[in-house]
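Q: What follows is each chain in one-letter form.
Protein chains: 2
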Amino acid sequence: MIIALDAMGGDLAPAETVAGALLAKREFDIDVALVGAAASLRQELAKHGGTPAGIEIVEATEVVEMDEPPAQAVRQKKQASINVAMSLIKAGDADALLSAGNTGAVMASALLKLGRVRGVERPAIGAMAPFTEKGILILDIGANVDCKPSWLVQFGQMGSVYMEKVFGIDQPRVGLLNIGEEDSKGNELAQEVYSRLQETSLRFVGNVEPDRVPLGVADVLVTDGFTGNVAVKVTEGVADFIFSQLREVLSSRLHYKLAAAVLKPALMEMRSKMDYGEYGGAPLLGVNGAVIVAHGRADAQAIMSGLRRASEVAGSGMLDALRGALQPAARDGAIDAAAATRSRDETRA
Amino acid sequence: MIIALDAMGGDLAPAETVAGALLAKREFDIDVALVGAAASLRQELAKHGGTPAGIEIVEATEVVEMDEPPAQAVRQKKQASINVAMSLIKAGDADALLSAGNTGAVMASALLKLGRVRGVERPAIGAMAPFTEKGILILDIGANVDCKPSWLVQFGQMGSVYMEKVFGIDQPRVGLLNIGEEDSKGNELAQEVYSRLQETSLRFVGNVEPDRVPLGVADVLVTDGFTGNVAVKVTEGVADFIFSQLREVLSSRLHYKLAAAVLKPALMEMRSKMDYGEYGGAPLLGVNGAVIVAHGRADAQAIMSGLRRASEVAGSGMLDALRGALQPAARDGAIDAAAATRSRDETRA
Numbered sequence: 001m002i003i004a005l006d007a008m009g010g011d012l013a014p015a016e017t018v019a020g021a022l023l024a025k026r027e028f029d030i031d032v033a034l035v036g037a038a039a040s041l042r043q044e045l046a047k048h049g050g051t052p053a054g055i056e057i058v059e060a061t062e063v064v065e066m067d068e069p070p071a072q073a074v075r076q077k078k079q080a081s082i083n084v085a086m087s088l089i090k091a092g093d094a095d096a097l098l099s100a101g102n103t104g105a106v107m108a109s110a111l112l113k114l115g116r117v118r119g120v121e122r123p124a125i126g127a128m129a130p131f132t133e134k135g136i137l138i139l140d141i142g143a144n145v146d147c148k149p150s151w152l153v154q155f156g157q158m159g160s161v162y163m164e165k166v167f168g169i170d171q172p173r174v175g176l177l178n179i180g181e182e183d184s185k186g187n188e189l190a191q192e193v194y195s196r197l198q199e200t201s202l203r204f205v206g207n208v209e210p211d212r213v214p215l216g217v218a219d220v221l222v223t224d225g226f227t228g229n230v231a232v233k234v235t236e237g238v239a240d241f242i243f244s245q246l247r248e249v250l251s252s253r254l255h256y257k258l259a260a261a262v263l264k265p266a267l268m269e270m271r272s273k274m275d276y277g278e279y280g281g282a283p284l285l286g287v288n289g290a291v292i293v294a295h296g297r298a299d300a301q302a303i304m305s306g307l308r309r310a311s312e313v314a315g316s317g318m319l320d321a322l323r324g325a326l327q328p329a330a331r332d333g334a335i336d337a338a339a340a341t342r343s344r345d346e347t348r349a
Numbered sequence: 001m002i003i004a005l006d007a008m009g010g011d012l013a014p015a016e017t018v019a020g021a022l023l024a025k026r027e028f029d030i031d032v033a034l035v036g037a038a039a040s041l042r043q044e045l046a047k048h049g050g051t052p053a054g055i056e057i058v059e060a061t062e063v064v065e066m067d068e069p070p071a072q073a074v075r076q077k078k079q080a081s082i083n084v085a086m087s088l089i090k091a092g093d094a095d096a097l098l099s100a101g102n103t104g105a106v107m108a109s110a111l112l113k114l115g116r117v118r119g120v121e122r123p124a125i126g127a128m129a130p131f132t133e134k135g136i137l138i139l140d141i142g143a144n145v146d147c148k149p150s151w152l153v154q155f156g157q158m159g160s161v162y163m164e165k166v167f168g169i170d171q172p173r174v175g176l177l178n179i180g181e182e183d184s185k186g187n188e189l190a191q192e193v194y195s196r197l198q199e200t201s202l203r204f205v206g207n208v209e210p211d212r213v214p215l216g217v218a219d220v221l222v223t224d225g226f227t228g229n230v231a232v233k234v235t236e237g238v239a240d241f242i243f244s245q246l247r248e249v250l251s252s253r254l255h256y257k258l259a260a261a262v263l264k265p266a267l268m269e270m271r272s273k274m275d276y277g278e279y280g281g282a283p284l285l286g287v288n289g290a291v292i293v294a295h296g297r298a299d300a301q302a303i304m305s306g307l308r309r310a311s312e313v314a315g316s317g318m319l320d321a322l323r324g325a326l327q328p329a330a331r332d333g334a335i336d337a338a339a340a341t342r343s344r345d346e347t348r349a
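Which chain is which? The protein sequence lines are E and G, in order. Just so you know, the numbering used here puts 24 at position 24 of the first sequence, and the rest follows in order with no gaps. Just so you know, the numbering used here puts 22 at position 22 of the second sequence, and the rest follows in order with no gaps.
For the record, the hints were derived by calculation from the structure and aren't laboratory data. Treat the hints with care, as some may be off.
Stated by the list, open to error - Taking lysine-lysine pairs in the DSS-like style, the calculated list, with each CA pair at most 30 Å apart, reads:
hint, chain 1, residue 1, chain 2, residue 2
1, G, Lys-257, E, Lys-273
2, G, Lys-264, E, Lys-273
3, G, Lys-165, E, Lys-273
4, G, Lys-78, E, Lys-257
5, G, Lys-90, G, Lys-165
6, G, Lys-78, E, Lys-185
7, E, Lys-264, G, Lys-264
8, E, Lys-264, G, Lys-257
9, G, Lys-90, E, Lys-257
Unchecked claim - In silico negatives: residues of chain G with every beta carbon more than 10 Å from chain E:
hint, residue
10, His-255
11, Met-270
12, Ala-321
Note that CB positions come from ideal geometry on N, CA and C, so glycine has one too.
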């Protein structure tokens, strides 16, 4: 098993990507192909005492920057690290891919190099919400901002397969993120998706209100990419806000400071648990390969978690199961060809 | 100045509504008309030593329950406390209204009894997000789950007037809740609203990503009612989750318990600050009256805050300013009459 790592992707690349690869090798014996500017990567490796067995460098001479229009950049920069890494999977020279780069670029590159799993109308980006021990998969979180009902039904199917295969959950509970419990609640999209999910063989647990997500009432939460992205970012923003308030309060008085010193390790652990990044990254679901996206600010620890997740996904049989699950389930006889080929939204996140 | 209080509305009514009214009278000298079952209300008042001057009872023999279809219940139960309270405003016998009842029912009753401000396509429900000292008004949070661009532009105009008049903010900063900073980001609705907001005379500060909301980069955040409802409920769920985790951690070891005892007052203050309910309730904007909705779980303290907010709104000139602001601003020459009269979505929250 070898994981292709987009070593140039992310705010802290290549220092933290290289350090993360070394950690993954040491802690979990994961072989990693570092894809990027060979000279820089060798320099980073040298800081850690050289290149151990199981770590190799694959040269890529270009990089997709965070602020570039992703679809365009991926097409123009054929030697971009994300494209070269994706080609390794395509050729069977790597089993999975991890990138902390621009999510839109990763999706665009995956569609360009790997394509969609047969039957998938739109691939989705999932995120593991950090509220339960195993995590809750929420998808889509930004690949498709204007969705058709049939896409969300497939998100449910893909999410169910992912949680079953990668996390070993038998018949994962699939919920629809919605603004009320009753089946009549929600916007037009949510109402239509509710009735369609009821007709599938999924273990559909109905609507889940956003304030009940942390209670772990579902293993998979289906939503459109706009709402999903808002939900994930509100979670991050509120957690940041509360912990910064906490820091302020704890340093406001001397006796608070003393008490805070006692609590510091527990509070730090709590904070890190609330971090989406700690959960090993977000899978792209519906593309023809095991592709995981790490947070743009991923440090070595997060890269290590992501590499571990990528190797779990690659070894889980998730892709084969996905291929089987989606063939018979497509409900709309004729997929809207225009929508399926229109790639604008797929490249946003 | 007298505020009509739907004394039967909310999970803790009438005990907490009556207690809240008494607090508001004592602390802020606010006169309150308690609308509801006179016998029950007298009983509650007796527990506090009787009915002080400035508190009066207005009989209403029916109640809209939390689980009733709101629009229907409001039409059928003509003597429902929310309808009787609304009639007090209509008749000029009260200056503002507060209810902790079903938000959909409050909106339906307001539309039925008061109607819309001339020029308003769709009234909205606003919530004060508890991240800054003055709070951030986010709207719509659930009255309109499928929105047209022109409605969101009006939400921005109404929100701007509200924050200027009620909170004294000169030229409030209006932002669009969106999943990216760049003007090309978002779903079709957000993209269209972005370009239309640029054409208004509002102080439009552009897109605000959900994780940046707590930083206070805008005074008013515009969004559709589905997304807004999700954002508010995610905030509540995440805050609940973090504080329950915190409680668990703090009681997990003896030395943590001792430290926690020192910190308890500070933590409790922090928790209550994070509570949407502490911010005095959510205004209905665009209806012909000053109407504030308190949280369904509002206790006496929250009712008191809500009554205070209601009296501030009534005394602020907000409604007159709204009437002036919306006339010239309507961009769509012909308002979609079908949409304007279709009341289905208006009664959800």
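Q: Can you confirm whether the C-alpha distance between Lys-264 (chain E) and Lys-264 (chain G) stays at or below 30 Å?
A: 16 Å, holds
Q: With the threshold set at 30 Å, check whether the alpha-carbon distance from Lys-264 (chain E) to Lys-257 (chain G) stays at or below it.
A: 13 Å, holds
Q: Measure nothing beyond the straight line between the CA atoms of Lys-90 (chain G) and Lys-257 (chain E); if it is 30 Å or shorter, mark the hint as holding.
A: 55 Å, violated
Q: Would you mind confirming whether the straight-line C-alpha gap from Lys-90 (chain G) to Lys-165 (chain G) stays at or under 30 Å?
A: Holds: Lys-90 (chain G) and Lys-165 (chain G) sit about 22 Å apart, inside 30 Å.
Q: Does Lys-185 (chain E) lie within 30 Å of Lys-78 (chain G) when you go C-alpha to C-alpha?
A: OK: Lys-78 (chain G) and Lys-185 (chain E) at ~25 Å, within 30 Å.
Q: Given the hinted pair Lys-165 (chain G) and Lys-273 (chain E), is their alpha-carbon gap at most 30 Å?
A: Violated, at about 42 Å.
Q: Does the claim that Ala-321 (chain G) lies outside the interface with chain E hold up, using a Cβ gap greater than 10 Å?
A: 30 Å, holds
Q: Should the label of His-255 (chain G) as a non-interface residue stand, given a Cβ cut-off of 10 Å to chain E?
A: The claim is violated: His-255 (chain G) sits with its nearest Cβ about 6 Å from chain E, within 10 Å.
Q: Given the hint that Lys-264 (chain G) pairs with Lys-273 (chain E), does the C-alpha gap stay at or below 30 Å?
A: Answer holds: Lys-264 (chain G) to Lys-273 (chain E) is near 22 Å, not above 30 Å.
Q: For a C-alpha distance cap of 30 Å, please report whether Lys-257 (chain G) and Lys-273 (chain E) respect it.
A: Status holds; Cα separation ~21 Å.
Q: A cut-off of 10 Å on Cβ-Cβ distance, and Met-270 (chain G) was said to be off the interface with chain E. Does that hold?
A: 6 Å, violated
Q: Does Lys-257 (chain E) sit within 30 Å of Lys-78 (chain G), going by the straight-line distance between their CA atoms?
A: 58 Å, violated
Going through the hint list in order, the structure does not satisfy hints 3, 4, 9, 10, 11.
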